[in-house]
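**Q** From the two separate chains plus the hints, produce the assembled complex.
Sequence lines, in order, name chains A and B. For the first sequence, position 89 matches number 89 in our numbering, and the numbering has no gaps at all. For the second sequence, position 164 matches number 164 in our numbering, and the numbering has no gaps at all.
Just so you know, the hints here were simulated from the structure itself, not pulled from any lab data. Where hints are given, some of them may not hold.
Stated by the list, open to error - Example chain A residues on the side facing chain B (calculated, C-beta under 7 Å, incomplete):
(1) H40
(2) N48
(3) I74
As the list claims (entries may be wrong) - In silico lysine to any residue, SDA-like type, Cα no more than 20 Å apart, as pairs:
(4) B:K64 / A:P49
(5) B:K245 / A:G51
(6) B:K64 / A:F39
(7) B:K402 / A:L43
(8) A:K33 / B:R399
(9) A:K79 / B:K407
(10) B:K245 / A:K79
(11) B:K245 / A:T52
(12) A:K79 / A:D21
(13) B:K402 / A:L19
(14) B:K245 / B:G224
(15) B:K245 / A:A50
(16) B:K64 / A:K33
(17) B:K402 / A:E37
(18) B:K402 / A:Y42
(19) B:K407 / A:H18
(20) B:K245 / B:G208
(21) B:K245 / A:I74
(22) B:K245 / A:L19
(23) B:K402 / A:A38
(24) B:K154 / B:V268
(25) B:K407 / A:A14
(26) B:K407 / A:G20
(27) B:K245 / A:D47
(28) B:K402 / A:R93
(29) B:K407 / A:L19
(30) B:K402 / A:A36
(31) B:K217 / B:D354
(32) B:K407 / A:V17
(33) B:K402 / A:D41
(34) B:K407 / A:Y44
(35) A:K79 / B:N307
Claimed, not checked - Label pairs and their computed distance ranges (CB to CB):
(36) B:R305 / A:Y58: 38 to 46 Å
(37) A:G51 / B:G197: 36 to 44 Å
(38) B:K154 / A:F39: 48 to 56 Å
(39) A:D77 / B:A5: 48 to 56 Å
(40) B:G197 / A:T52: 37 to 45 Å
Every residue, glycine too, gets a C-beta built ideally from N, C-alpha and C.
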Amino acid sequence: MIINHPLLGPRDAAEFVHLGDAAMIDRPDWQAKDAAEAFHDYLYLRDNPAGTYRELWYHEQGDRSWLVVIRDTITHDIKNVELARDHARRRGRSR
Amino acid sequence: MAYSAFRIFRESLTGNRGWKPVWREPEPRPDYDIIIVGGGGHGLSTAYYLARNHGITRVAVLEKGWLGSGNVGRNTTIIRSNYMLPGNQPFYELSLKLWEGLEQDFNFNAMVSQRGVLNLYHSDPQRDAFVRRGNAMKLSGADPVLLDEAGVRKLCPFLDFDNARFPIRGGLWQPRGGTVRHDAVAWGYARGADRRGVDIIQNCEVTGFLIDSGVCKGVETARGPIRAKSVAVAVAGSSSRVMAKAGIRLPIESHVLQAFVSEGLKPVLPGVITFGAGHFYVSQSDKGGLVFGGDIDGYNSYAQRGNLPAVEDVCEGGMAIMPMIGRARLLRMWGGLVDMSMDGSAFIDRTEIDGLFFNGGWCYGGFKATPASGFCFAHLLATGESHPVARQMRLDRFRRGKLIDEKGQGAQPNLH
Ligand SMILES: Cc1cc2nc3c(=O)[nH]c(=O)nc-3n(C[C@H](O)[C@H](O)[C@H](O)COP(=O)(O)OP(=O)(O)OC[C@H]3O[C@@H](n4cnc5c(N)ncnc54)[C@H](O)[C@@H]3O)c2cc1C
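This is chain B alone, in the form it adopts within the complex (with noise of 0.2 Å):
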């Protein structure tokens, strides 16, 4: 049944024993079209496409422990679409469109709150490659705005401006960028696709995949073999572990990324705010913790946990642009695995065993990309043809020289 105010209003009534769970835990069907592997939030957003776009529903998302056990459970929220080449840019900007429209259409309170996002600059070349950047977001029709150091006063005057090191000279504002609740991202998705007859199968850990001369036709599960006519696989830090088992080397390394939520404090901060000068980025919650983040720690790990030198990066960032955080106490951290692709960019293909397809590299940007992500790979899935505005994130780019490297930085997947 579909949520309303009015159907609030009629469950206080009746002592709210109308509210039933919000997805099936239905026993995994011998066979299906297509099996999702992976029930983040790419997975189960392909899901929800594949049913809403396409109108394929004998679907089953397989899920190794409980939705939301991931990265769409630990990420720090922020969604944007302020890229700059043109294999990327388009495609955060359907993204951001589809975040626009996601809660009406799939009928659950996600909490989008476009609240903006701003970069900060510290120096004029920065302030020029931001301008590059800026209009590299007007093509994909994206809302840029450049600040200078009194427009960044208006919005956050509680920036350290006359820092010595690191002075802030103005930002490149995105008011349309933001945050969404992350967890309600994956229970609205699973929600949405569940309704439409999609099977959502927790604690289903792939094991391997039913290959016969080339084509893959279902996979191993620790609940025993199911087949399907097409398998995608979207598992984001556990990419390397499971492509390996059907033989497939990756541009990936799996890296750890930490988070951090500050105690409850009033409200400060205005949207979502990043340093120019190192790697800081902070949010404040609704219920006022600030939510901030910043670098990988730098070398290889699936331990889920980072360690202090990160941690001291990160404070230290946040120090430079806002000294009057410094008394606030850290309530959480924890840590993600993020699969870093050899560019920084993701990959939506087919692979070279017929009927296994692929999506990952999300790097530690995956959050924003989960509904356009899903819509893309749904029909890729669907229709056998790559979405326009994914076109270029092909798993043999670096074969074709096609990189789609926004850093410049070469294949060094830490440098990301």
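This is chain A alone, in the form it adopts within the complex (with noise of 0.2 Å):
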């Protein structure tokens, strides 16, 4: 798989390490109610969908950036890939 990186063009996947699903960039509230409950989910479940897929990949052997990008997971095509914190900011956090 090639992932093409947004700051350094098309980098073999080998280079990067997959963590998993992208929902994880939001964290549950901790001071909300049913944390507990809240942080089991985010922590232990997953939606491990067949086809689109938007997780979390991080150029460990390159520029060190973490990165979204969308792949399906039955034909390993992927989809687009753009830097975490564009995500992160689009989805309103700060940093």
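**A** Pasting the structure below:
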């Protein structure tokens, strides 16, 4: 697989490590009443879809940036790559 | 009719015209006591033990493709009971004991071959860890043997003992471990279940569950709805996809694991050998091919094929311990969907929906579990209680903080 890094161009996926579901960017609120339950789901449960998946990859052997990659888990076709920072900011995060 | 040497002799005299198909191909009935979803090793062994141990035979196994099309026909066939934690090891030791009597039990040649499993160690700390593991194995009645370098040299003189980076210092050997012909396991259990009255229905994909007020009353299939008192799901890599149809999210990710077979060589490997400083394991099939594998690719996948970096990594591991295989050509490789769980251990449990049961999370190591998994799942389905050796394999263990994490890796499926 080739990951088209937004800053560095096309890179071999072997340079990256895969963390998992990009939903992990949205940490639950630790002060909420149901925080224990929300953190259980956040930490341990996964949608694990067959098809389009939004996931986090880390460019460990490159510029150490975190990327959000949209990839088809049936074909391995990569549809979109962006910096995780841009994805998080769009979701209202300040940093 | 039972298989025997006498039968082979008689058939040879009568033109081999007496052999019958090994199982029936029945039409699905409208309802059963128990429906098992998934005709892999675990689904079939569950059906077999339901009939054999509990006398429950109004059972259907629904398989979306053909028997053996999933991981049971794709794995590297290694069996062993060298786990460490009390939530796992007694279960795997029961499985190994069941393997030992399996062929007589279901009257089918599964080529169970206890040629031994040797885990190499390369450093003092690793030796200490293996001593600890060996002691844990002993607690369950298993048969660990700690070998020093001379002991390993006697078994496997061809290894690269003086490798500059990863010298081989010894190994943890389990003589009762070995390999089994994987397809024959599916066929043997299928035949045994069928002979006791279980309906095995191929090309019958389950597309949904009939759930009424929180109770599961059957399944929707490509061949129409089928009702049952209990529905038991054992679909390995497809676990999340299937359970999502019942609205259940699982602590599982599906990953791809590849396997490799070389051209046929003269007998050279005495048993299964694993590299302790990287991920590589190898055995030699009876046809002579080296059967080997290593790490999962590391990203979620339902493709049943992997990528080249994992191939390279596996081959490097092989070259690091036995450079002599460098000249062998790779004949075939393929991938399978493995149901990687959040702590690397499996589930045999009921779900929050009454009448719906789940078996999965076997990661890359569920073939060896096939007999005990069916044995314990059948026990749960028939009695409503977890079997004592599977008591910790619960779906809610993360909520309770009772993880079974052999590697201590945390909730990161691709690292287990
Ligand atoms: C390359 C590779 C090497 C491995 N090596 C080893 C090893 O050496 N030792 C070891 O112990 N383990 C090994 N494993 C793991 C082991 O193969 C699996 O853990 C085990 O086979 C899983 O259980 P199963 O046999 O029931 O799965 P499967 O055979 O995959 O059975 C699941 C079945 O469910 C069916 N199914 C899916 N969805 C539906 C649906 N909607 N309706 C009906 N049916 C459905 C599938 O078609 C499939 O036949 C390996 C796995 C792989 C991929």
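**Q** If a hint holds in the structure, say so; if it doesn't, say that too.
**A** So, going through the hints one by one against the coordinates:
| no. | hint | result |
| --- | --- | --- |
| 1 | H40 | holds (5 Å) |
| 2 | N48 | holds (4 Å) |
| 3 | I74 | holds (5 Å) |
| 4 | B:K64 / A:P49 | holds (19 Å) |
| 5 | B:K245 / A:G51 | holds (15 Å) |
| 6 | B:K64 / A:F39 | violated (35 Å) |
| 7 | B:K402 / A:L43 | holds (14 Å) |
| 8 | A:K33 / B:R399 | holds (16 Å) |
| 9 | A:K79 / B:K407 | violated (34 Å) |
| 10 | B:K245 / A:K79 | violated (26 Å) |
| 11 | B:K245 / A:T52 | holds (17 Å) |
| 12 | A:K79 / A:D21 | holds (16 Å) |
| 13 | B:K402 / A:L19 | violated (23 Å) |
| 14 | B:K245 / B:G224 | holds (16 Å) |
| 15 | B:K245 / A:A50 | holds (13 Å) |
| 16 | B:K64 / A:K33 | violated (43 Å) |
| 17 | B:K402 / A:E37 | holds (16 Å) |
| 18 | B:K402 / A:Y42 | holds (17 Å) |
| 19 | B:K407 / A:H18 | holds (19 Å) |
| 20 | B:K245 / B:G208 | holds (5 Å) |
| 21 | B:K245 / A:I74 | holds (18 Å) |
| 22 | B:K245 / A:L19 | violated (26 Å) |
| 23 | B:K402 / A:A38 | holds (18 Å) |
| 24 | B:K154 / B:V268 | holds (13 Å) |
| 25 | B:K407 / A:A14 | violated (23 Å) |
| 26 | B:K407 / A:G20 | holds (19 Å) |
| 27 | B:K245 / A:D47 | holds (12 Å) |
| 28 | B:K402 / A:R93 | violated (33 Å) |
| 29 | B:K407 / A:L19 | holds (18 Å) |
| 30 | B:K402 / A:A36 | holds (15 Å) |
| 31 | B:K217 / B:D354 | holds (9 Å) |
| 32 | B:K407 / A:V17 | holds (19 Å) |
| 33 | B:K402 / A:D41 | holds (15 Å) |
| 34 | B:K407 / A:Y44 | holds (17 Å) |
| 35 | A:K79 / B:N307 | holds (18 Å) |
| 36 | B:R305 / A:Y58: 38 to 46 Å | violated (24 Å) |
| 37 | A:G51 / B:G197: 36 to 44 Å | holds (39 Å) |
| 38 | B:K154 / A:F39: 48 to 56 Å | holds (52 Å) |
| 39 | A:D77 / B:A5: 48 to 56 Å | holds (54 Å) |
| 40 | B:G197 / A:T52: 37 to 45 Å | holds (43 Å) |
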